[in-house]
Amino acid sequence: VKILIADDEPMARHLLQNILENAGYDVIAVDNGRLAAEHLCRPDGPRLALLDWVMPALDGPGVCRYVRKHRKHVYVHMVLLTSRESKQDVVAGLASGADDYLIKPVDPGELKARLLTGLRILQLEDNLVEARENMRFKATHDPLTSLLNRGVIMDLLSRELVRTHREKGSITILLGDLDHFKKVNDSHGHVVGDEVLREVARRLLSSVRSYDLVGRYGGEEFLVVLNNCNASNAFARAEEIRYAVARHPVETARGQLWVTMSLGVLPAGNLGPLPLEDILHEVDVALYAAKESGRNCTKLAAPKCLV
Amino acid sequence: MAGKDVPSVQVILDIPELLARVENDRELLRELLEIFKQECPSLLRVLEEAVARQDMKSIEKTGHTLKGMFATLSASGAFSAASTLEHMGRHEEKAGLGEALIVLQSQVAALLGELDTCLG
Chain A
1 VKILIADDEP MARHLLQNIL ENAGYDVIAV DNGRLAAEHL CRPDGPRLAL
51 LDWVMPALDG PGVCRYVRKH RKHVYVHMVL LTSRESKQDV VAGLASGADD
101 YLIKPVDPGE LKARLLTGLR ILQLEDNLVE ARENMRFKAT HDPLTSLLNR
151 GVIMDLLSRE LVRTHREKGS ITILLGDLDH FKKVNDSHGH VVGDEVLREV
201 ARRLLSSVRS YDLVGRYGGE EFLVVLNNCN ASNAFARAEE IRYAVARHPV
251 ETARGQLWVT MSLGVLPAGN LGPLPLEDIL HEVDVALYAA KESGRNCTKL
301 AAPKCLV
Chain B
1 MAGKDVPSVQ VILDIPELLA RVENDRELLR ELLEIFKQEC PSLLRVLEEA
51 VARQDMKSIE KTGHTLKGMF ATLSASGAFS AASTLEHMGR HEEKAGLGEA
101 LIVLQSQVAA LLGELDTCLG
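As you go down the protein sequences, you meet chains A and B in turn.
For the first sequence, position 69 (counting from the first letter as 1) is numbered 69 according to the numbering used here, and the numbering increases by one without interruption.
For the second sequence, position 101 (counting from the first letter as 1) is numbered 101 according to the numbering used here, and the numbering increases by one without interruption.
Everything labelled a hint here was simulated from the structure, so no lab data went into it.
Take these hints with a grain of salt, some might be off.
[What the hints assert, rightly or not] In the EDC-like style, the derived pairs of lysine to aspartate or glutamate whose C-alpha atoms are separated by at most 20 angstroms in a straight line are: (1) A/K104 x B/D14; (2) B/K61 x A/D8; (3) A/K69 x A/D59.
[Said to hold, decoys possible] With beta-carbon atoms standing in for the labels, derived distance ranges: (4) B/R90 x A/D26: 46 to 56 angstroms; (5) A/D44 x B/G96: 19 to 29 angstroms; (6) B/R45 x A/A92: 45 to 55 angstroms; (7) B/R30 x A/C41: 50 to 60 angstroms; (8) A/S210 x B/E17: 58 to 68 angstroms; (9) A/S210 x B/R30: 31 to 41 angstroms; (10) A/P56 x B/E93: 21 to 31 angstroms; (11) B/H91 x A/C41: 55 to 65 angstroms; (12) B/E31 x A/E38: 24 to 34 angstroms.
Note that the Cβ used here is the ideal one computed from N, Cα and C, for glycine as well.
Could you put the whole structure together from the sequences, leaning on the hints where they help?
What follows is the structure in structure tokens.
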């Protein structure tokens, strides 16, 4: 565990550093408040700090105020070190954002016990953040495939369309539907069907870039949003994705299954601010055309019908 | 008698308390004492100059730093003397500064002697 010690008095700093290193902490020791604030506000900075009250450049309470203001997304547990006479200032110290205080000279046993309390609080905070992130993920992702759920990808697509229009950029929308998926479920059962959906989701995700979006649109329908993909590249990119889905059989509990996908493609960069429903309708029409053409193929939507 | 003015060994340096503070790590204790012997004379000089100039801010600041070092060493006599000077600096009490400094100097001299014994 990383811990920062800030004390301008070299003897106290050396003593604290030794005690804490012997206790297994990874210690960063500095001799003024300004350096302490810098370290504590770094993204990978320590989350535990021992701060002397009186320091040059910035005092302990000043460091607390600075860190509370500037490192908002990660909690830092800060302990002020104060001399006996300034005990009456403890209230002011805690008001500045400190979590605890210790009277100098510090008793090693008490110091380690107080830091363990700090670590418990940080662990509690980590658990809460993790729980919140899990809930956020569950609220925004499809539980079976872990792709974005329909509501979220529609919302993100709306925003991307507005942004692309504003920045005069390019964007391509793909709607893909697994061919004969009902047969997979009917012949092999829903467990195997779920395996296929999960694997197709994985193949879709691995065939797009980090700033593209992939969502589960319906049962076996997937919506893919390719940012910065213009009309001249749209068809080729869609074919790459179709090939990525169909190239290898899917390993399932019932053996290998070959699956293919039909795709409708709409390069939507220059369409203007049209309602999302109209845009998706056109991609759906293109997908239907792909199905009508024998499946396992890609059909371009005709954007002119939208203008 | 000079013997009456020099504080007793227990007051100069509380060795058991000091050993507890370093968790009986004698090597660490030796390092701390070396740091103290290196830092103390220059801080004392700064304090002496500040007293001569009646620079109350500097007296408060240097008195505070010395007080912290004496506290770490469990040197209660020197701690009290530095604490008095810090208090006088903070409250702009100029009367008696010279006497307070003499008390500190004698405490420090006794302490440095005791430390030499400790360091062998």
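Do the hints match the structure? See the list:
Between A/K104 and B/D14 the CA atoms are separated by roughly 16 angstroms; this keeps the pair inside 20 angstroms, and the hint holds. With a CA separation close to 12 angstroms, the supplied pair B/K61 and A/D8 stays within the 20 angstroms bound. Straight-line distance between C-alpha atoms of A/K69 and A/D59 comes to about 15 angstroms, which keeps the hinted pair within the 20 angstroms bound. Judged by the Cβ atoms, the range 46 to 56 angstroms given for B/R90 and A/D26 is violated: they are separated by roughly 37 angstroms.
In this structure the hint that A/D44 and B/G96 lie 19 to 29 angstroms apart at CB is violated, the actual value being about 52 angstroms. A C-beta distance of roughly 33 angstroms is found between B/R45 and A/A92, which places it outside the suggested range of 45 to 55 angstroms. For B/R30 and A/C41, the Cβ-Cβ distance of about 36 angstroms falls outside the hinted range of 50 to 60 angstroms, so the restraint is violated. The supplied range of 58 to 68 angstroms is met by A/S210 and B/E17, whose beta-carbon atoms lie about 59 angstroms from each other.
A beta carbon spacing of about 56 angstroms between A/S210 and B/R30 contradicts the range 31 to 41 angstroms that was offered as a hint. Hint check: A/P56 to B/E93, Cβ distance near 24 angstroms, so the stated range 21 to 31 angstroms holds. Under the hint 55 to 65 angstroms, the C-beta atoms of B/H91 and A/C41, about 36 angstroms apart, miss the expected range. The supplied range of 24 to 34 angstroms is met by B/E31 and A/E38, whose beta-carbon atoms lie about 27 angstroms from each other.
Violated hints, in rising order: 4, 5, 6, 7, 9, 11; the structure is consistent with all others.
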